Amino acid sequence: MSKRENDKRDSPQDNDNHYVALCQMGDTNAFQVLVERHQKKMLNIAYRITGDYEEACETVQEAFLSAFKAIKKFRGEAAFSTWLTGITMNHARNRLKKMLSHSHHEGMSIDDPIETETGQILYDHPSQEEPIIEQLEKKELQAKVQECIGTLDNEFREVLVLRDIQEFSYDEIHDILKIPEGTIKSRLFRAREALKNCLKKVIGDL
Amino acid sequence: MTCKDIEDRLAAYQEETITPEEKALVEAHLSTCAKCSSVLADLKKTVDLLKDLPEVEPPPWFTQKIMAQVREEAEHKDSLLKKLFYPFHVKIPIEVFATLFVVVLGLYVYKTTGPEMKVVQRPPPALVEITPKDEALKYAEDKAKVDTEEFHQKEPASQPPASIERKKIAVETMLERKQETPAVATPALPAPTRSLTNEKDTPAPAGVSLRDEREKKLFQAAPRPEKVDVQKPTFIALTLSVEDVAKASTDVEKVLGESGTLITKEEFRVDSQTLVAYFPARKLEQLLGRLRNIGDVKDYRSMTEATEGSIQVTIQIIPK
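In order, the protein sequences belong to chains A and B. Under the numbering used here, residues 1 to 206 are what the first sequence spells out, in order. Under the numbering used here, residues 1 to 320 are what the second sequence spells out, in order.
One should not assume that every hint holds.
Computed list of lysine-lysine pairs in DSS-like fashion (alpha-carbon distance at most 30 angstroms, straight line) [unchecked claim]:
1. A/185 x B/23
2. A/139 x B/4
3. B/23 x A/41
4. A/200 x B/65
5. A/41 x A/98
6. B/4 x B/23
7. A/200 x A/69
8. A/73 x B/23
9. A/97 x B/65
Only part of the chain A face toward chain B is listed, based on derived beta-carbon distances under 10 angstroms [stated by the list, open to error]:
10. 35
11. 39
12. 62
13. 69
14. 74
15. 100
16. 141
17. 142
18. 145
19. 160
20. 165
21. 185
22. 192
23. 199
24. 206
Worth flagging that the hints you see were computed from the coordinates, not collected in a lab. Computed from a predicted model, the values in this text were never measured in an experiment. By construction, the Cβ of each residue, glycine as well, lies at the ideal position given by its N, Cα and C atoms.
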């Protein structure tokens, strides 16, 4: 997306490093600049991982707080945004675990999709006569996509979000997730395949 | 290549991460296989759908919320540093000083009242248990250290040797023994003077009148020796300057105890201690000698020239 590309250009690494250095010297106000620059990206990552806006907001707050606490440990080996994304991913992962255990305790809602043994959701198959994709509102379609992302295993979901939604490079994903490039690719391909199958089931022909 | 092989490579083809040879193979297959082309199209659509997902906007005041937490954390860190490096900066001193005050007050109260309570709590055996006979014996033994020769001259037959031997035994022990053998000692009763009796410190004021009554009876019963009028209140006072008050105090008590002397009064202060005891005048030089071994004897004041009888010795032990 062009908007995201613009964001990237607006926050060059060197500029981040300047504010990071100020933070490391105890300037709390400098951290606000970093928050303003990166909060939206971090919120979107957390939202796509958790699938819940409120939970994503909480995740990002925790992530920024953790980043502030650990800012003196940041040595600039990777870009600040990459480092921050790693922290956000960790918090999102933990929050997702909590959410899952919580939902298990709370029991199932009647509106929840039914998970099969393969972990895929079963919906009423839409009629094949009508092009469903046109009938669905765009928003609904996007909601279905998000639901399908939610059905993926965590390791696939993370790679998919970082690569196909946030458009991080393989190197950056390697820095964020600390996994080899080959693993990233294989996970990404499997994630796309699984998502494609899920979407086909949910909305019919793509 | 089968369709399955091609499908396995489609994702890599899409990402353009396959070798040129594989790419050529895949493209050749796709041009002839509608099914695989459809799969590739679906994959592309899937990725397009992902890329088209809208970005969510942060809630209002999101930056402020985050920064509020961050600043709270920063202040918490600062206050921790302050607590570590400036412990007397905020409220802590009040608590510390209050605690110190209570501790010091407690110690002071203990030091000042503790020994007195001990004296009060200890039932004065001389008043409660001993009969006039026993009390007379006690005087006999106290005075025996001083007046033995005198009494021997006056009443040589009535002074049992046993009472002289006992003079080095601690008073409380002596009292117990006296109860066992009161009959032996009774005949040896020398009449103590009224003035000497008054010098003896009675720890419990309630016991004074009782004791006086007993003494009166005693005096009526016993013949007064001629020496009586010669006995006057005599005392010496000195200050013992030492390194360790507590240790010196113990040493002095030991010295007095070895001489069979009753310490009638002990006063504990924060940095000094005062002992009052009755000591045989003829052993005074010996006592001073031993005290000089314990510490520096200062402010020696003597109100007596007596070489016989008991002398009230007041020893104040102070740190150097």
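List in ascending order the numbers of the hints, as given earlier, that are violated by the structure. 2, 3, 4, 7, 8, 14, 15
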